[in-house]
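> Chains as they are written, first to last, in this note's numbering: chain A, 37 to 146; chain G, 26 to 139.
Bear in mind the hints are in silico, worked out from the structure with no lab data behind them. Where hints are given, some of them may not hold.
Stated by the list, open to error - Chain A residues, not near chain G, derived (Cβ > 10 Å throughout):
hint	residue
1	S43
2	T56
3	N58
4	T80
5	T86
6	S88
7	I90
8	L106
9	N111
10	Q116
11	G118
12	G131
13	G138
14	M143
To be verified - Using C-beta positions, here's what the derived DEER-type ranges look like:
hint	chain 1	residue 1	chain 2	residue 2	range
15	G	G65	A	D53	34 to 40 Å
16	A	K145	G	P86	38 to 44 Å
17	A	N65	G	G65	26 to 32 Å
18	A	R96	G	S90	24 to 30 Å
19	G	E126	A	K39	32 to 38 Å
20	A	L106	G	D125	19 to 25 Å
21	A	T86	G	N102	31 to 37 Å
22	A	P44	G	P86	44 to 50 Å
23	G	E76	A	T86	23 to 29 Å
24	A	E51	G	H35	30 to 36 Å
None of these values were measured; they are calculated from a predicted model. All C-beta atoms, glycine included, are put in the ideal place defined by N, C-alpha and C.
The primary structure of each chain is shown beneath.
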Amino acid sequence: EDKVVQSPLSLVVHEGDTVTLNCSYEVTNFRSLLWYKQEKKAPTFLFMLTSSGIEKKSGRLSSILDKKELFSILNITATQTGDSAIYLCAPRDAGNMLTFGGGTRLMVKP
Amino acid sequence: EAGVTQSPTHLIKTRGQQATLRCSPISGHTSVYWYQQALGLGLQFLLWYDEGEERNRGNFPPRFSGRQFPNYSSELNVNALELEDSALYLCASSLDTGLDEKLFFGSGTQLSVL
Chain A
37 EDKVVQSPLS
47 LVVHEGDTVT
57 LNCSYEVTNF
67 RSLLWYKQEK
77 KAPTFLFMLT
87 SSGIEKKSGR
97 LSSILDKKEL
107 FSILNITATQ
117 TGDSAIYLCA
127 PRDAGNMLTF
137 GGGTRLMVKP
Chain G
26 EAGVTQSPTH
36 LIKTRGQQAT
46 LRCSPISGHT
56 SVYWYQQALG
66 LGLQFLLWYD
76 EGEERNRGNF
86 PPRFSGRQFP
96 NYSSELNVNA
106 LELEDSALYL
116 CASSLDTGLD
126 EKLFFGSGTQ
136 LSVL
């Protein structure tokens with residue numbers, strides 16, 4: 037059975053801090069890994085990673101995948117209160133199935 | 026362009042009743058996915074429809090069922106509701122079954138079973 041573990045479960049930081057969110061996975065026939073941000077209800081897409089070692093970047097957010105060690109990290113620099121959300125990672129298998137982790141709840145204090 | 030829309034936003038039922046949740050995908054998207062998110066938990070996969078066919082099903086009892094209509098909208102039905110069915114039900118759509126397609130989510134239906 038596919039398994040996804042995100043850490044930490046929750047995190048409280050102050051504005052301006054840098055955070056690193058972790059996602060480890062065990063997925064049969066791994067294809068790609070997606071990151072989503074869930075602020076209220078609808079998760080919104082952040083990144084899709086398919087190749088090891090290639091960093092994807094969007095503003096203050098970046099993410100990288102290690103297919104050998106079976107993990108991904110999501111970095112957020114210079115955090116803002118608007119970054120407060122649940123961050124979800126979801127590896128996808130060759131059958132197009134996404135398995136979501138339990139998420140990391142990030143709270144950024146002013 | 027409208028995103029994924031779900032209705033109703035909230036639904037309150039009692040144990041034993043049936044619930045019907047609806048989802049309209051983004052225009053042009055043929056794949057629809059349903060997920061359950063219980064309080065404090067991650068998204069659990071329920072069902073995947075594409076081109077009117079059920080493509081995969083998660084580890085849920087048969088009282089969770091659904092269908093996809095010719096216009097690609099979808100319905101999730103939950104029969105014989107139990108208290109533990111209380112959760113946020115999220116629908117997502119993607120352009121097709123391509124392995125590099127990202128999912129776009131709706132805002133969900135909050136189902137409360139009393």
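> All hints are to be evaluated individually against the structure, with a verdict given for each.
Each hint, compared with the structure:
| no. | hint | result |
| --- | --- | --- |
| 1 | S43 | 13 Å, holds |
| 2 | T56 | 19 Å, holds |
| 3 | N58 | 15 Å, holds |
| 4 | T80 | 7 Å, violated |
| 5 | T86 | 7 Å, violated |
| 6 | S88 | 16 Å, holds |
| 7 | I90 | 15 Å, holds |
| 8 | L106 | 18 Å, holds |
| 9 | N111 | 20 Å, holds |
| 10 | Q116 | 23 Å, holds |
| 11 | G118 | 18 Å, holds |
| 12 | G131 | 7 Å, violated |
| 13 | G138 | 4 Å, violated |
| 14 | M143 | 15 Å, holds |
| 15 | G:G65 / A:D53: 34 to 40 Å | 24 Å, violated |
| 16 | A:K145 / G:P86: 38 to 44 Å | 42 Å, holds |
| 17 | A:N65 / G:G65: 26 to 32 Å | 30 Å, holds |
| 18 | A:R96 / G:S90: 24 to 30 Å | 43 Å, violated |
| 19 | G:E126 / A:K39: 32 to 38 Å | 23 Å, violated |
| 20 | A:L106 / G:D125: 19 to 25 Å | 20 Å, holds |
| 21 | A:T86 / G:N102: 31 to 37 Å | 35 Å, holds |
| 22 | A:P44 / G:P86: 44 to 50 Å | 33 Å, violated |
| 23 | G:E76 / A:T86: 23 to 29 Å | 25 Å, holds |
| 24 | A:E51 / G:H35: 30 to 36 Å | 33 Å, holds |
Hint compliance for this structure: hints 4, 5, 12, 13, 15, 18, 19 and 22 are not met, and every other hint is.
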